[in-house]
Amino acid sequence: MSVTSNETQKTTAAQSQEDAIERALIDASTKAPVLAFFASSIFWLLVQGAIGTLASLKIFWPDFLSGCGWLTYGRIVPVRDNLLIYGWAAMAGFGTCLWILARLCRVRLPRPATLVAGVALWNIGLIVGTLEILAGNSRGFQYLEFPPYVFGILFVAYSLVAVWGVLLFVNRRPGHVYISVWYFIGALFWFPWLVGGTNLIVGVSGNGIFEAITAAWYAQGLLTLWMTALAVGSIYYLVPKVVGRPIHSYNLASVGFWTFAIFAVWTGVQRLTGGPIPAWIITVSIVASILLLIPVALVTANYFLTLRGDFNLVYHSPTIRFAFFGAVAYTVVHVLFTVSSFRSVGDVTASTWFATGLDQFFILPFYSMVMFGAMYYIIPRLVGCEWLSASFIKMHFWASAYGFGFSIALLLMAGYSQGAQQAIVAQHDLVNVHSEASLWYEAYMPFLRGNLGAQLFICFGQVIFALHFVLMLLRLGRPSGAQPTLFAPIQEGTKP
Amino acid sequence: MKPTPLLITGIFASFAAAWFGLIFAAQTQIVALQPEVDSENDTVYPRNIAGITEQGRQAYIANGCNQCHTQIVRDPHHGRDIARNWGPRRTVPRDYLYDNTATLGIHRVGPDLSNAGANTAEDSPRKYLNDPEWLLLHLYNPRLLVRDSVMPSYRYLFEKRKIAGQRSVDALKLPAEADPGPDYEIVPTDEAKALVAYLRSLDRTFPLKEAGGAAAKAAPAAAPAQ
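Sequence order for the protein chains is A and B. Residues 1 to 496 in the working numbering are what the first sequence spells out, letter by letter. Residues 497 to 722 in the working numbering are what the second sequence spells out, letter by letter.
Read the hints as simulated data drawn from the structure, not as lab findings. Just to be clear, a hint being listed does not mean it is correct.
Listed below are the simulated DSBU-like cross-link pairs for lysine-lysine, each with C-alpha atoms no more than 30 Å apart in a straight line [claimed, not checked]:
| no. | chain 1 | residue 1 | chain 2 | residue 2 |
| --- | --- | --- | --- | --- |
| 1 | B | K705 | B | K656 |
| 2 | A | K58 | B | K669 |
| 3 | B | K623 | A | K58 |
| 4 | B | K623 | B | K656 |
| 5 | B | K656 | A | K58 |
With these hints in hand, go ahead and build the complete structure from the sequences.
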């Protein structure tokens, strides 16, 4: 089997006029829907950032805006989470997935206008869902707070994405199926099964704990299965593209994909460690999360071997810097996920801020950084100009890197401290409710204070990114045809 | 070689295997659970939730109480829940037979509420969790009762009214610093009252066999439920 890809060879070889025209035609067909997905995703990223900051403020200032039920902490937190997942992450992922699929399958996207309608419908679903949660019609299960009919709207909108994605795949040019395509096809199939299957059970079956198990499996599946597939598929595209070499080992990639597909679906129920769940289910999920380290190791090895000799690109190329950050976070978050699955650790961290921190670790430093990298690569090819300012990209990178890093480290520490404090609180004289509460709060509040600062920093980075994106939409970038916007010029003539 | 059928089949099969092995298998085990009948005391546990308690449960979910409060008591090998007097025994799947398990909760920013309503004994250290006056005042402004509380005020579940004639029997007995003024009173809405009724109904102390049975009943922390 050939281990090279047509796509990656092209970047190094002198590209024929014909290929360039073909790519231009493909990009013209994907332009409207992909930009619509990106614009919406960045919009929701800002909205959820603002809501998240308000939620963090309310922890320190619980009387702030407390006269209004629509803005109570218990409602805005699920709004923040759902907009982060279904607003930012899903829409960024769909856009990236469709664009890369069209490029790799070398097919023009048919009827892009219909897909733009799908984007609009998805946005309508998000708005309605947000209002429902704020109005107090949440279902209460984590990441499933939208009422069922809202998931119906999202499902219809999503089916357009899936059908279009599969159409691209089915009509692809004959030849080798690139590894990114495997991950994207997986993501396109798994998402509706996760969403559909779960929504037919939760709130419908009327069978208490069974619903809790399904909801936990779903929440983790969104992160470990679906988002991971989208992000890993994107890195498999971006790294070889920018480096100008095919991925190091196709066999590693293949084994990595299949072990991932087999093990990732079984994880998730350890979110309820120690809870009223039959013990075997949690054990199965723990074992699966340990086995999940196999694909993580294989994929990580493959990235590093592909990048070998070109690590300087992490310094020069924005796309590679973001993707590399995401790839490292991918490894770290999975190791952390497995370690915290062990019962000895889970007993301390269950139901604490640690769980929040771990979820955000999946979504922000891993998934989001990869998506930022993909956007920095894709958007210039769609709008026809290069990013205006390397400094803007630099600010976005460092604000995100430090912000995500500090925010999550503090949440994880807050959770661990909270879990460790339970022994001290347990020995306390329970009659004094004041000091019991204070003992409990002081375990995590200092960390949350730091987290608020980190969040403001993150928001700053995302605002810069959004501004930069708007400039690109207005075609106020640098003229295309010049070198792509880099952090520093590359000396040895490698063309990112 | 045609990789397409293999790819699609593999993607489907790996997902289906996990679905059946995890979700379907769990369903077959849990759907078989039945309430326990205590013929000695002529009681059935758990009971379905209905009426004002159900309205309260809906309010609990609508206002996102489960973001910060769990309803899980872990066994002593997996945490200090019992030492913290959150219940006499661990909770098991049967406790939630008729429950909307969104109430299991996500976080423990505040205390666990699995057995809030079980604190009926006069000497129970958490007696306040079964005291309607305390609960209402705490919902209105937690910091009136717990100095450092980070719980939001649920002022929107209360109504500030001009006193017309006699004071309402429901009116909160507020301390001087929160007094709404001489002619005004703060009255809980139906939603607040339902929420309190729900919290007071939370009692998972019944000595289920799989949770230790009679041993749990004899545990020192157990507050006998009426």
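Hints, one by one, checked against the model:
1. K705/B to K656/B: violated, 48 Å
2. K58/A to K669/B: holds, 26 Å
3. K623/B to K58/A: Within the cut-off at roughly 28 Å; holds.
4. K623/B to K656/B: OK: K623/B and K656/B at ~28 Å, within 30 Å.
5. K656/B to K58/A: holds, 23 Å
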